[in-house]
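For chain A, the structure is supplied; the task is to place chain B on it using the hints.
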Amino acid sequence: MEDLLKLNIIELSDLLKKREITSVELTNFYLERIKKYDQYIQSYLMVTGEKALDMAREANKRIEKGEAGRLEGIPLGIKDILCTKGMETTCASRILKGFIPPYDATVIKRLHGDGYVHLGRLNMDEFAMGSSTENSAYQVTKNPWALDRIPGGSSGGSAAATAAGLCVASLGTDTGGSIRQPAGLCGVVGMKPTYGRVSRYGLVAFASSLDQIGPLTRNVIDCAVVMNTIAGHDPLDSTSIPQPVPDYTEMLGRDIKGMRVGIPKEYFIQGIEPDVNQSVKEALSILERNGATIVDISLPHTEYAVATYYIICTAEASSNLARYDGVKYGLRVEGKDIIEMYKRTRFAGFGKEVKRRIILGTYVLSSGYYDAYYRKAGQVRTLIRRDFEEAFRTCDVIATPVSPTTAFKVGEKADDPLQMYLSDIFTIPVNLAGLPAISVPCGLDSSSLPIGLQIIGQPLDEARILQVAYVIEQEKKLKKIPDRYLT
Amino acid sequence: MKITSETVEYVAHLARLELAREEIDLYTNQLNSILDYMDALNRLDTQGIEPTSHPMPLNCVMRDDDIRESFTVEASTQNAPERIGSFFKVPPIIEVEE
Numbered sequence: 013m014e015d016l017l018k019l020n021i022i023e024l025s026d027l028l029k030k031r032e033i034t035s036v037e038l039t040n041f042y043l044e045r046i047k048k049y050d051q052y053i054q055s056y057l058m059v060t061g062e063k064a065l066d067m068a069r070e071a072n073k074r075i076e077k078g079e080a081g082r083l084e085g086i087p088l089g090i091k092d093i094l095c096t097k098g099m100e101t102t103c104a105s106r107i108l109k110g111f112i113p114p115y116d117a118t119v120i121k122r123l124h125g126d127g128y129v130h131l132g133r134l135n136m137d138e139f140a141m142g143s144s145t146e147n148s149a150y151q152v153t154k155n156p157w158a159l160d161r162i163p164g165g166s167s168g169g170s171a172a173a174t175a176a177g178l179c180v181a182s183l184g185t186d187t188g189g190s191i192r193q194p195a196g197l198c199g200v201v202g203m204k205p206t207y208g209r210v211s212r213y214g215l216v217a218f219a220s221s222l223d224q225i226g227p228l229t230r231n232v233i234d235c236a237v238v239m240n241t242i243a244g245h246d247p248l249d250s251t252s253i254p255q256p257v258p259d260y261t262e263m264l265g266r267d268i269k270g271m272r273v274g275i276p277k278e279y280f281i282q283g284i285e286p287d288v289n290q291s292v293k294e295a296l297s298i299l300e301r302n303g304a305t306i307v308d309i310s311l312p313h314t315e316y317a318v319a320t321y322y323i324i325c326t327a328e329a330s331s332n333l334a335r336y337d338g339v340k341y342g343l344r345v346e347g348k349d350i351i352e353m354y355k356r357t358r359f360a361g362f363g364k365e366v367k368r369r370i371i372l373g374t375y376v377l378s379s380g381y382y383d384a385y386y387r388k389a390g391q392v393r394t395l396i397r398r399d400f401e402e403a404f405r406t407c408d409v410i411a412t413p414v415s416p417t418t419a420f421k422v423g424e425k426a427d428d429p430l431q432m433y434l435s436d437i438f439t440i441p442v443n444l445a446g447l448p449a450i451s452v453p454c455g456l457d458s459s460s461l462p463i464g465l466q467i468i469g470q471p472l473d474e475a476r477i478l479q480v481a482y483v484i485e486q487e488k489k490l491k492k493i494p495d496r497y498l499t
Numbered sequence: 002m003k004i005t006s007e008t009v010e011y012v013a014h015l016a017r018l019e020l021a022r023e024e025i026d027l028y029t030n031q032l033n034s035i036l037d038y039m040d041a042l043n044r045l046d047t048q049g050i051e052p053t054s055h056p057m058p059l060n061c062v063m064r065d066d067d068i069r070e071s072f073t074v075e076a077s078t079q080n081a082p083e084r085i086g087s088f089f090k091v092p093p094i095i096e097v098e099e
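As given, the protein sequences belong to chains A and B, one line each in that order. Just so we're aligned, residue 13 is where the first sequence starts under the numbering used here, counting upward by one. Just so we're aligned, residue 2 is where the second sequence starts under the numbering used here, counting upward by one.
Read the hints as simulated data drawn from the structure, not as lab findings. Backbone N, C-alpha and C fix where the C-beta goes; we use that ideal spot for every residue, glycine too. Heads up, some of the hints might be wrong.
Computed list of chain A residues with no C-beta within reach of chain B, every gap over 12 Å [as the list claims (entries may be wrong)]:
1) 41
2) 269
3) 403
4) 495
Each computed DSS-like pair below joins lysine-lysine, with the alpha-carbon atoms no more than 25 Å apart [unchecked claim]:
5) A/121 - A/73
6) B/90 - A/340
7) B/3 - A/425
8) A/63 - A/109
Residues from chain A shown here face chain B by an in silico Cβ test under 10 Å; the list is partial [what the hints assert, rightly or not]:
9) 222
10) 250
11) 320
12) 374
13) 385
14) 390
15) 444
16) 447
Isolated chain B, as found in the complex:
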C-alpha cells in the first residue's frame, strides 16, 4: 500500500475537492494499483538526464508590448454564476468583526 485513505482525503483537500466516503475507498484502491504500475519507472537509471517539460524547443517567446483589442468587462463576466456590476460575487473570504 503506497497511499492510505487519509492520504487521498488530504490530497483531495489540496485539490479543493470534496469526496464521498465510497469515492475515497474506491480511489485509494485504484490509485494504489496505478502507483504500483508507475513504479516501473524506478527500474530506469535517469541520473544526469534533463527532464523534458515541453516537446518542441521553443523558449521565451516574446512579442511587442502593443495595445490590442481585449474582451469587454461584460464579455468577461457574462458566464459568472453570480455577479454585481463588473465584479464576481463570492461567499465571504475574510472574517470581518462587527
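Excised from the complex, chain A in its bound form:
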C-alpha cells in the first residue's frame, strides 16, 4: 500500500478508473495514516472521516458509471480558511470557533465538481498571519522532517500534511509567502498563482489585494492537475481575471532550451545560509545544463519590500477583521453596551499576532499618518512592480531561494515579530507585484532539512514556471516523504 504514496494524481486516477483500487480504500489508507502519524505532526485541526468516506462512496459510483471528474476520489486536505458548506471553518482562531459557513468557497465548489474527497481541515497561523503556524489558537504543527522545528506558515498544516503523506495534496493560501515558504521548508511543491487567477470568493479575507489560493503537492504534475481544477474566472470575485485557463500539464517535460532565467543580485545576500546558497546555485546549473541561459538582473527595491508589505497587509487586515464583532457569527463576550461587547469579544477572540497587526494597521491608516505610511507604501509598491516589469524585458522567469534559511526551531522567533517578518523577504515582493511563483524542492541542508527554489513568472505564465520546476524535479529526484512515515 505504501507505494500509493509515490503515485501522482494522474496515476492514481488511472488505478481508480481501472478499479484496481476504490476511492474508499484510498481514503481509508489516508485516514489510517492520519491516525498513525498526525499525533506527532498535528497538521489537522479536524479530520472529517465520515464525510470523506461518504464522498469516496459517491466517487466510486461516478467511476462505475464512467462519469469520473478530474479529481474523482482523490483525498485532499483543506486549509481551515476556505469556507466549506456545513463544515466548521475557524481560521485557527477562537473568534470563529463554531462558525459553520452556509456556502462553499468557489475553489471548494470546483474541487467538488471534479469529485475530490475532503479529508479534513488543516492548521494554520490564525487568519493566515504568521510564518511558522505557531500563531494557531489551537495547536502547534511540527515539521515532518524534524519534529522540534516549525513547518513554516501560514499554510503550515497544508505543507506538513502533504510532506508526511497525510493527504494526496492540499490547498493553502499565500498573502506574503504562506504557500511557498512552508512548501520550501517541508520539501513539497507549492504554487501561488497570479493575483486574480483563482477566485477568492469564500476565502476568509486577510489582505484582499495580496491573498491568493493555491496547491501544495508532492510533485509538479499534481500541482498542475489541481491548478487545472481551481483556476478560472468567477463572477463572484470581481478581481478574478476573465482569461481562459490553459492545460497546466501540457508544458511539463518540454525542454527549456533558450529560456532566459533571471537571477536577481539582491536575493543572494548576507544572511542567507551557505547550504541554501549552494543548493540553489546547483539548481541553477541544472537549468543551464538543460539549455537555459542564466541572465543577471536587478530588482533594486527589494530591500523595501518587507516594510511596504507590513504596512499594506496590516492596513487591509485591520479593515477586513472589523467584521468580527460578536454580532453575526463566532464568539461573543457580553458587555454593558455594544462598544464594550465589541471590545471584550475581540480581546478574548483574537491572538497576539492578530491584535498586533490590527493595531499597526489601524495606526498606519489613522488620521495624520495615512500619507506617511499607507500612501507611501502604495507608491513603493509601484516601484517594486516596475522592477519586475523591467527585469522581464531581459528574462522569461526569475529564480531565487524561497527562504534565506531552512526550518527554524519551534519558539526560536516567536517573541521577535520583526525577525519573523524578515523570514519572508524573498516571497513578499511577488505578492506585492501580483505575479505567479512556485516553490520546488531543490535539496537538503547538512541536517537533512529541505531547501526550496522559487521560480517567479510573468502574469498568467503559470504553465512556464511549472515547466521549469518540472526540470528541477526530474533531475533531482529528491525523496518526497521522510522515511519515518513509511514504516
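Same frame as chain A, but now just chain B:
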C-alpha cells in the same frame, strides 16, 4: 520613540479592541521597532509616483442587474450568537428615556 502607550491605547480603542496592561506595554515596544524599520521607506523619493492599490489592471467590473438566488434569512443568521426571529440581537445602542 514614535509611539507611546497612550497612542497604542487610543488606536486600540479605534479598532474596538480591549488590551491588557501587559499587552499595551509589549505592543508599544514592538510597534516602535517595527515602525523604525518602516522608516527605511523615507529614503526613497516617491514624488509623482502613483500608488498601487491593486496589482492587476481591472477597474469597475460591471455586471447585469439581474435577480439571482441569494441566501435565506435562516442561512444568513444561523451563526448568530444571539437572535430573535430573523434579527441579530445586540445590547442597547441608544439610551431610551423611560
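Hints, verified against the model:
At the 12 Å boundary, the C-beta of residue 41 of chain A stays outside the reach of chain B, the nearest C-beta of that chain being 35 Å off. A cut-off of 12 Å between C-beta atoms confirms that residue 269 of chain A is not in contact with chain B; the least separation is 31 Å. With a closest Cβ-Cβ approach of about 16 Å to chain B, residue 403 of chain A is found to remain outside the 12 Å limit, as its non-interface label requires. Listed as outside the interface, residue 495 of chain A is consistent with that label: its C-beta sits roughly 41 Å from the nearest C-beta of chain B, beyond the 12 Å cut-off.
Proposed proximity of residue 121 of chain A and residue 73 of chain A is supported: the alpha carbons are some 19 Å apart, at most 25 Å. Under the criterion of a C-alpha separation no larger than 25 Å, the hint pairing residue 90 of chain B with residue 340 of chain A is consistent with the structure, at around 9 Å. Only pairs whose Cα atoms come within 25 Å are accepted, and residue 3 of chain B paired with residue 425 of chain A is accepted, the gap being roughly 24 Å. Distance check on the hinted pair: residue 63 of chain A and residue 109 of chain A sit about 20 Å apart at the alpha-carbon level, within 25 Å; holds.
A distance limit of 10 Å between C-beta atoms decides the matter here; for residue 222 of chain A the minimum to chain B is near 8 Å, and the interface restraint holds. Interface hint at residue 250 of chain A: satisfied, since its Cβ lies 4 Å from the closest Cβ of chain B, which is below the 10 Å cut-off. This hint holds: residue 320 of chain A has a C-beta 7 Å from the nearest C-beta of chain B, less than the 10 Å allowed. Against a cut-off of 10 Å between C-beta atoms, the interface hint on residue 374 of chain A holds, since the closest Cβ of chain B lies about 4 Å away.
At about 7 Å, the closest approach between the beta carbon of residue 385 of chain A and any beta carbon in chain B falls short of 10 Å, and the interface hint on this residue holds. Nearest Cβ of chain B to the Cβ of residue 390 of chain A: about 3 Å, under the 10 Å cut. The hint holds. Taking 10 Å as the C-beta contact cut-off toward chain B, the hint placing residue 444 of chain A at the interface holds, the least distance being around 7 Å. Here the hint on residue 447 of chain A is kept, as its CB sits about 8 Å from the closest CB of chain B, short of 10 Å.
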